[in-house]
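> Following the hints, put chain U in place on chain X, whose structure we already have.
Just so you know, the sequences run in chain order X and U.
One point on numbering: in the working numbering, the residue at position 84 of the first sequence is 84, and numbering is uninterrupted.
One point on numbering: in the working numbering, the residue at position 346 of the second sequence is 346, and numbering is uninterrupted.
Just to be clear, a hint being listed does not mean it is correct.
Same chains, same names: a pair is fine if it fits in one copy or spans any two.
[Claimed, not checked] The list that follows gives simulated cross-link-like pairs (lysine to any residue, SDA-like), each with its CA atoms no further than 20 Å apart:
no.	residue 1	residue 2
1	K151	C89
2	K142	L119
3	K343	A300
4	K58	V68
5	K91	P148
6	K151	N241
7	K343	D230
8	K91	R321
9	K151	T94
10	K91	C309
11	K151	Q90
12	K142	T94
13	K274	H211
14	K142	F157
15	K58	T94
16	K66	S96
17	K176	S297
18	K151	S78
19	K151	S96
20	K91	L308
21	K286	Q339
22	K142	V8
Source of the hints: derived by calculation from the structure; they are not laboratory data.
Bear in mind the structure is a predicted one, so any value in this text is a computation, not a measurement.
There are 2 protein chains.
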Amino acid sequence: MQTIHVPVQQAYDIFVERNLLSRCGEMIHSLCPASTCAIITDDHVAPLYADVVEFSLKQSGFHTEKFVFPHGESSKSSATLLNIYSFLCQKEITRSDCLIALGGGVVGDITGFAAATFLRGIRYIQIPTSLLAQVDSSVGGKTAIDLPEGKNLVGAFKQPAAVICDPDTLSTLPEKFFIDGMGEVIKYGMIADKTLFEQLCNYDLSSVHQHLDEIIPTCISIKRDVVAEDELDTGKRMILNFGHTLGHAIEAYYHYGTYTHGCAVAAGMCLMTKFCGSPEIYHQLKTCVERYQLPSSVPASIPDLLSLCGNDKKRSGSVLRYIVCDPVGNAEIRSDSLQDFRKHFHLT
Amino acid sequence: MQTIHVPVQQAYDIFVERNLLSRCGEMIHSLCPASTCAIITDDHVAPLYADVVEFSLKQSGFHTEKFVFPHGESSKSSATLLNIYSFLCQKEITRSDCLIALGGGVVGDITGFAAATFLRGIRYIQIPTSLLAQVDSSVGGKTAIDLPEGKNLVGAFKQPAAVICDPDTLSTLPEKFFIDGMGEVIKYGMIADKTLFEQLCNYDLSSVHQHLDEIIPTCISIKRDVVAEDELDTGKRMILNFGHTLGHAIEAYYHYGTYTHGCAVAAGMCLMTKFCGSPEIYHQLKTCVERYQLPSSVPASIPDLLSLCGNDKKRSGSVLRYIVCDPVGNAEIRSDSLQDFRKHFHLT
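One chain only, chain X, in its complex shape (with noise of 0.2 Å):
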């Protein structure tokens, strides 16, 4: 088992480790001795791994409650928070218990939040099933909901107790999902890890699950770094965005639609690093990219994409801050006006 430590203020533990699902019982019951787990998942997580995780925490002896809720983005909402509080109501849970989020990204983000507000926080142990979530939601505490007005627009910062990560229930993600996940990996090695990416440039979409095992440890390791340096992200944190600049406009241009946020982050980087990187490091970067099913580019026009990020800066400060990463494992964290950076894209 590998087992990353993050020590930020509240520090955890994040283990890796296949068929860790079945054993979580025991992880939990040494880490944080509540009485009652609650189950936080969706119904597309429920009926995969739902059964087996309760089963481990009825062995170690906790009592276990379940709440289940529709999978997808539109669930991460404040009516879905206020069912959660009700349910937490309802079955009793005081701050002795847990709560388990036991889900992709969504699953992670609203449960983290439940569990910041609720009796004003009490703990929660995150076991993310998806790539995305275990190389990226795992780390950082950033919890949120979605609000009518714009994503992730309400939330907490909020560490969890401990994460399980068990790379085998990648192995039943759809497809579409496990590449949606290999946008941000591929990002890890943009901006830390060179001999990442270019194991990465090595395999492909087949052949990548068996190294799984080390790759999710690698990307959470960089990310913890990170983190660790910028707990309430204030500065260096924001490397993490590389390809995210483009990638929030993008998805917001198709409506959080047409693509997938690490679709929308691969394109990102490709697109970033066209106009504003070097020519080879680009030509790597849209080769490996492609390589995983995952585009280079979009069809909507650079000048509306752009526009976008003008939206997106207003609420950020007076420049426009975006990452270039050159050499790859390299992230620059560069600032621009508006008007400048449209320049890198031969805009006026």
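This is chain U only, laid out in the frame that chain X set:
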């Protein structure tokens, strides 16, 4: 001006002075270089003080926005919270802006929770305008909303950037609300300050007004000392709950209608002292409480009230913890099984 420093992790100052409201802009400007101040208040307080606050903020160069919701505990709901979030989105409030909680406890609690969660946390300033809010809610960092299932079930610990207390606002407070606050003021004397308690025994509802400049900072300092020792409410802070074990039961028994919080706490302190403390302290406390037109008892029977304490207990652990002050100025946390606790009240 009296300044009370609150040395919690996100340290801040509480400023107490008459007529401070009209100078709040310059104070906030020096503390919190925001571009926009979004004032959150209710329809009782807005007509009295929103203009003077807004004027002062504008004079100091702030852009201002204002959100007014209906007064009363029923507004401390998820519905009001979602309306506040929408308002903040609509006004394009960013992390470089600041919320201003202008009002009593409900305004402070819900604005604080909005500030804790909108964009994962933005700054806020408290301007408490009721006696209860000035002596109680302005210290401790507890923010919350109610759920249909109970009060304060969802919340966060969030420290304000500063608290601005203007005792002049209390002169416009309906007497009922002033009396409400006196319940908590007497509590501070009982748990930690014999001199304060003895002063209160000499003043009355009319004469106490001229001593508020002294009394308010005294109460705040007591709470500050307790909270600084126990920021996350895991131990000593419990002494602030003197009178609250039975007080909460009284509020619940009467469905939060007949007795205000301060009245319920006053009766709760008296009943607890009558059955678990010494007769002479009970007599002193009862006399003091009645000087301020606060109840020293309620018509509800002791068994009915204790059955509601039982419910409360379930949410906090396996034993009932409660506070007894004997001698005056010295609070003691006692623990009993519910059964043993009932014996003090001559019940089996």
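> Are the hints correct? Go through all of them and say.
Checked hints:
{"no.": "1", "hint": "K151 x C89", "in the structure": "between (27 Å within a copy, 11 Å between copies)"}
{"no.": "2", "hint": "K142 x L119", "in the structure": "both (19 Å within a copy, 11 Å between copies)"}
{"no.": "3", "hint": "K343 x A300", "in the structure": "within (18 Å within a copy, 75 Å between copies)"}
{"no.": "4", "hint": "K58 x V68", "in the structure": "within (18 Å within a copy, 49 Å between copies)"}
{"no.": "5", "hint": "K91 x P148", "in the structure": "between (29 Å within a copy, 14 Å between copies)"}
{"no.": "6", "hint": "K151 x N241", "in the structure": "within (15 Å within a copy, 39 Å between copies)"}
{"no.": "7", "hint": "K343 x D230", "in the structure": "neither (31 Å within a copy, 54 Å between copies)"}
{"no.": "8", "hint": "K91 x R321", "in the structure": "neither (45 Å within a copy, 23 Å between copies)"}
{"no.": "9", "hint": "K151 x T94", "in the structure": "between (29 Å within a copy, 14 Å between copies)"}
{"no.": "10", "hint": "K91 x C309", "in the structure": "between (44 Å within a copy, 19 Å between copies)"}
{"no.": "11", "hint": "K151 x Q90", "in the structure": "between (29 Å within a copy, 14 Å between copies)"}
{"no.": "12", "hint": "K142 x T94", "in the structure": "between (23 Å within a copy, 17 Å between copies)"}
{"no.": "13", "hint": "K274 x H211", "in the structure": "neither (29 Å within a copy, 70 Å between copies)"}
{"no.": "14", "hint": "K142 x F157", "in the structure": "both (5 Å within a copy, 16 Å between copies)"}
{"no.": "15", "hint": "K58 x T94", "in the structure": "within (18 Å within a copy, 45 Å between copies)"}
{"no.": "16", "hint": "K66 x S96", "in the structure": "within (17 Å within a copy, 39 Å between copies)"}
{"no.": "17", "hint": "K176 x S297", "in the structure": "within (17 Å within a copy, 66 Å between copies)"}
{"no.": "18", "hint": "K151 x S78", "in the structure": "both (12 Å within a copy, 19 Å between copies)"}
{"no.": "19", "hint": "K151 x S96", "in the structure": "between (31 Å within a copy, 19 Å between copies)"}
{"no.": "20", "hint": "K91 x L308", "in the structure": "between (43 Å within a copy, 18 Å between copies)"}
{"no.": "21", "hint": "K286 x Q339", "in the structure": "neither (27 Å within a copy, 71 Å between copies)"}
{"no.": "22", "hint": "K142 x V8", "in the structure": "within (13 Å within a copy, 23 Å between copies)"}
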